[in-house]
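Given chain A, work out where chain B should sit, using these hints.
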Amino acid sequence: MTATAPPATHVDIVLSRAPRSAFAGTGGLLRLALRRDRIRIPVWAVGSALLLVAVASSWDRLYPTDADRLNLAQSLAGDPTLRSILGPIFDPLSTGGLTAWRAGTSTALVLALVVSFLVVRHSRADEAEGRMELVLGAAVGRAAPLAAAILSGAALLGLFAVVAALLLSALGLGVAGSVALASTVAAAALVFAGVASLTAQIARTSRGANGLAGLVVAVAFAVTAFGNGQDGTSPLVWATPFGWMQQTRAYADERWWLIGLSLVVAAALALAGLHVAARRDLGDGLVAQRRGRRSAPSWIAGPVALAWRLDRTYLVVWLIAVAALGALEGSMLTTSVQLVEGNPEMVAILEKIAGGPADLRDLFLVTMTGLFGLIAAGFGITTALRLRAEEEDGRAELVLSTARSRVQWLLGHGSTALVGSTLILVVGGLSLGAVFGASDGDVVGQAWRAMLASALMAPAVWLVVAIPIALVGTLPRWAAPVAWLVLVWCVLAGYFGQVLGLPDWLQQSTPFGHVPLWPAQPMSWTPLVVLALLAAAVLAAGIAGIRRRDLPR
Amino acid sequence: MTGPVVAIHDLRKSFGSTHALVGLDLEVQAGEVHGFLGPNGAGKTTTLRILMGLLRADAGTVSLLGGDPWQDAVALHSRLSYVPGDVALWPSLTGGETLDILGRMRGGDDAQRRARLVDAFALDPGVKVSAYSKGNRQKVALIAALAADVELYVFDEPTDGLDPLMSEVFRTEVSALHRAGRTVLLSSHVLAEVDAVCDRISIVRAGRIVESGSLAELRHLQRMTIVAVTGHELHGIEDVPGLADVSYDGTTLRCTVEPAHLDELLSHLAAAGVVSLESRPPTLEEMFLRYYEQAGDGR
Numbered sequence: 001m002t003a004t005a006p007p008a009t010h011v012d013i014v015l016s017r018a019p020r021s022a023f024a025g026t027g028g029l030l031r032l033a034l035r036r037d038r039i040r041i042p043v044w045a046v047g048s049a050l051l052l053v054a055v056a057s058s059w060d061r062l063y064p065t066d067a068d069r070l071n072l073a074q075s076l077a078g079d080p081t082l083r084s085i086l087g088p089i090f091d092p093l094s095t096g097g098l099t100a101w102r103a104g105t106s107t108a109l110v111l112a113l114v115v116s117f118l119v120v121r122h123s124r125a126d127e128a129e130g131r132m133e134l135v136l137g138a139a140v141g142r143a144a145p146l147a148a149a150i151l152s153g154a155a156l157l158g159l160f161a162v163v164a165a166l167l168l169s170a171l172g173l174g175v176a177g178s179v180a181l182a183s184t185v186a187a188a189a190l191v192f193a194g195v196a197s198l199t200a201q202i203a204r205t206s207r208g209a210n211g212l213a214g215l216v217v218a219v220a221f222a223v224t225a226f227g228n229g230q231d232g233t234s235p236l237v238w239a240t241p242f243g244w245m246q247q248t249r250a251y252a253d254e255r256w257w258l259i260g261l262s263l264v265v266a267a268a269l270a271l272a273g274l275h276v277a278a279r280r281d282l283g284d285g286l287v288a289q290r291r292g293r294r295s296a297p298s299w300i301a302g303p304v305a306l307a308w309r310l311d312r313t314y315l316v317v318w319l320i321a322v323a324a325l326g327a328l329e330g331s332m333l334t335t336s337v338q339l340v341e342g343n344p345e346m347v348a349i350l351e352k353i354a355g356g357p358a359d360l361r362d363l364f365l366v367t368m369t370g371l372f373g374l375i376a377a378g379f380g381i382t383t384a385l386r387l388r389a390e391e392e393d394g395r396a397e398l399v400l401s402t403a404r405s406r407v408q409w410l411l412g413h414g415s416t417a418l419v420g421s422t423l424i425l426v427v428g429g430l431s432l433g434a435v436f437g438a439s440d441g442d443v444v445g446q447a448w449r450a451m452l453a454s455a456l457m458a459p460a461v462w463l464v465v466a467i468p469i470a471l472v473g474t475l476p477r478w479a480a481p482v483a484w485l486v487l488v489w490c491v492l493a494g495y496f497g498q499v500l501g502l503p504d505w506l507q508q509s510t511p512f513g514h515v516p517l518w519p520a521q522p523m524s525w526t527p528l529v530v531l532a533l534l535a536a537a538v539l540a541a542g543i544a545g546i547r548r549r550d551l552p553r
Numbered sequence: 001m002t003g004p005v006v007a008i009h010d011l012r013k014s015f016g017s018t019h020a021l022v023g024l025d026l027e028v029q030a031g032e033v034h035g036f037l038g039p040n041g042a043g044k045t046t047t048l049r050i051l052m053g054l055l056r057a058d059a060g061t062v063s064l065l066g067g068d069p070w071q072d073a074v075a076l077h078s079r080l081s082y083v084p085g086d087v088a089l090w091p092s093l094t095g096g097e098t099l100d101i102l103g104r105m106r107g108g109d110d111a112q113r114r115a116r117l118v119d120a121f122a123l124d125p126g127v128k129v130s131a132y133s134k135g136n137r138q139k140v141a142l143i144a145a146l147a148a149d150v151e152l153y154v155f156d157e158p159t160d161g162l163d164p165l166m167s168e169v170f171r172t173e174v175s176a177l178h179r180a181g182r183t184v185l186l187s188s189h190v191l192a193e194v195d196a197v198c199d200r201i202s203i204v205r206a207g208r209i210v211e212s213g214s215l216a217e218l219r220h221l222q223r224m225t226i227v228a229v230t231g232h233e234l235h236g237i238e239d240v241p242g243l244a245d246v247s248y249d250g251t252t253l254r255c256t257v258e259p260a261h262l263d264e265l266l267s268h269l270a271a272a273g274v275v276s277l278e279s280r281p282p283t284l285e286e287m288f289l290r291y292y293e294q295a296g297d298g299r
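Protein chains in written order, with our numbering: chain A, 1 to 553; chain B, 1 to 299.
Isolated chain A (complex conformation) (with noise of 0.2 Å):
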């Protein structure tokens, strides 16, 4: 996992023009990014080992026997949407195969963006916050910053391969496997840590660089879902690493090269943003600096409106990935419902999801616009935790300085929170539904029925982002850590918790556990006038608190 720290000679040749001294402290400032990080890496490491492990751990009480396995892989593995974002089972009777399958993708995924974040938290967002001004004053090279953020990203890779390899083999799940399964999922996301470190030479901010790579580990895993939900073999999934990391067939006559793959185009990826990272001056990025409007048209006059000028374009970039990921579920919602109309067993399962029987394209419908629900809530919490560091950079000072109240202040990003969070479940059911409905001959129908389905998880979105807003008003120091531990929950319960074996009860203990699931099952409005009631007491117990206390603090 250490490829991209090659030998100061290697680098040196790539490099030739850089002079040796461009590395010069990077062990030191390696030091200091790992003991900034000290909680976030094992975190992040070991608990995405843990959830490979606990995935593993799960197949003998779910499927003991290799009919009941053959019996999945044939009712699963015909399903496109299913294929698409899990990827090919390779070997559906070893207990290594179906967690391969099952947790692969996802761990890679997850791990990919964290660690594309925490390169651009140790480079680009150092660098624009000025702190990078006062270690480059020190006998520090220009490339040692961006080479201790790619090292600190790769020593978390490391560790999870490790912990991971160790666990695997540790339940009996054949040692080559599994060091071929977690090696290859740590170096398919070591290959964004790659393309973080040249966005970070992009952008000028750390928002515009997490905002690019994120943007590239969408569209890798777009390109390979697609690849994947084409019938035969597409060439598609020899393009990314996420297909490079499935392909890799741990459990199941690895090809081993394709970890070597990820490596060596993880090193020439770190190496191009090394060499871009030594040669420009500090602050400066590829894209030109813009000049902007001399003056901010007239509805920008409160915290509110100020809110929606500074969120409106991460609210798009948000919006247009819902719409694109809702047309793709759209497209692949009839073939996935002629598959299955003639297979009982995928019918059952999708019923005991739903919780009783119901018309197939209807199951289809709620199983595919939850995943809107949690997308709502990652946008509502991020943009909600935007108040916090409006209080701590101290932005907050200055507009309560003027005359316009705590109580509208908190609303600014709370309403671009709670908006925003209700237009990404509305255009992510309207563009599944339409998308939908132009192979089934209703457009405006489907649309309206997948929009109406997918809104229906409003107040439960509302809830879930109404309580980092609300701790921003009572609590601010718990805000960020509440906040994820509540999304991480639902993502754990309502994604994971039938895989996990968690009982029924913990499941739907979620707010989203609540939501009715219409047009498969009946209406019931109760659950959803109670979460919005809820999510109302919240959010004035967040405004009851913010009139009181000092703030910053």
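In short, the hints are calculated from the structure, not lab data. By construction, the Cβ of each residue, glycine as well, lies at the ideal position given by its N, Cα and C atoms. One or more hints might be untrue.
[Said to hold, decoys possible] To give a feel for the contact side, a few chain B residues facing chain A, derived at Cβ under 8 Å: (1) LEU55; (2) ALA57; (3) VAL74; (4) HIS77; (5) SER78; (6) PRO84; (7) ASP86; (8) SER92; (9) ILE101; (10) MET105; (11) ASP110; (12) ARG114; (13) GLY126; (14) LYS128; (15) TYR132; (16) LEU221.
[Said to hold, decoys possible] In silico negatives: residues of chain B with every beta carbon more than 12 Å from chain A: (17) GLY23; (18) ASP156; (19) LEU165; (20) VAL229; (21) LEU234; (22) VAL240; (23) ASP263; (24) VAL275.
Just chain B, lined up with the frame of chain A:
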């Protein structure tokens, strides 16, 4: 407007086990430029944040423009403008957009006045904040505050990051506010700046005011520096009370003397035949350092 613009009595504020303010008193009268002096950590920013209604006082009374800064924050803020100690702006907005938005949130500012300030401070308003230097970000906050026509201006370390030329522009603007009868509360540790623009000062140390008054008054209370050359040798100089820092080489005497004992020193000098005499009131810096040296107790 009757009564002082700012009246703080026995103000206390703690953060956990840290006692930031321990009985602070401060009065700022209408029309004065009041310097609020003290080193880092003395409690200046905490006091100003309480005045802005950002922090809530633990105990004591605080009156701002006749109102309660915590209860009436929004109404009071349309009558004042404030530059915080750590100026942070929105990186994705331009300087011009920031000025527009802050002006409107404060309740509207004078476009002509702002244009004149943008010119005086040589700010390019079409550039994004993320591309500004620290000094330019500071200028945006200063212009936003100065462009408002209000009763009270509160500045926390306003020239931090400005070059000397721009600091001079700031002093000119504050003097203009003074002439127009506005009230200014200026927290600073740039003593030359305070000396140049303030007519009254308060010195804060470890959470309470240790001295307050006009600069002239304070100087009169302080030791003067004396350099005297006498024709004959001085005798009995050690018997004069209130002398310090004495050095005497047989002809030239250098010392500092308490104002109350100046008379006795002068009669001694006269007896020895004064050839030349220089007397100098203490500089603000000397006064300031003395307050902090006196307090050997530390904080």
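Verification of the supplied hints:
no. : hint   : in the structure
1   : LEU55  : holds (5 Å)
2   : ALA57  : violated (10 Å)
3   : VAL74  : holds (5 Å)
4   : HIS77  : holds (4 Å)
5   : SER78  : holds (4 Å)
6   : PRO84  : holds (5 Å)
7   : ASP86  : holds (5 Å)
8   : SER92  : holds (7 Å)
9   : ILE101 : holds (5 Å)
10  : MET105 : holds (4 Å)
11  : ASP110 : violated (15 Å)
12  : ARG114 : violated (10 Å)
13  : GLY126 : holds (5 Å)
14  : LYS128 : holds (5 Å)
15  : TYR132 : violated (11 Å)
16  : LEU221 : violated (35 Å)
17  : GLY23  : holds (19 Å)
18  : ASP156 : violated (10 Å)
19  : LEU165 : holds (23 Å)
20  : VAL229 : holds (50 Å)
21  : LEU234 : holds (54 Å)
22  : VAL240 : holds (53 Å)
23  : ASP263 : holds (50 Å)
24  : VAL275 : holds (54 Å)
Hints 2, 11, 12, 15, 16 and 18, counting from the list given before, are not met by this structure.
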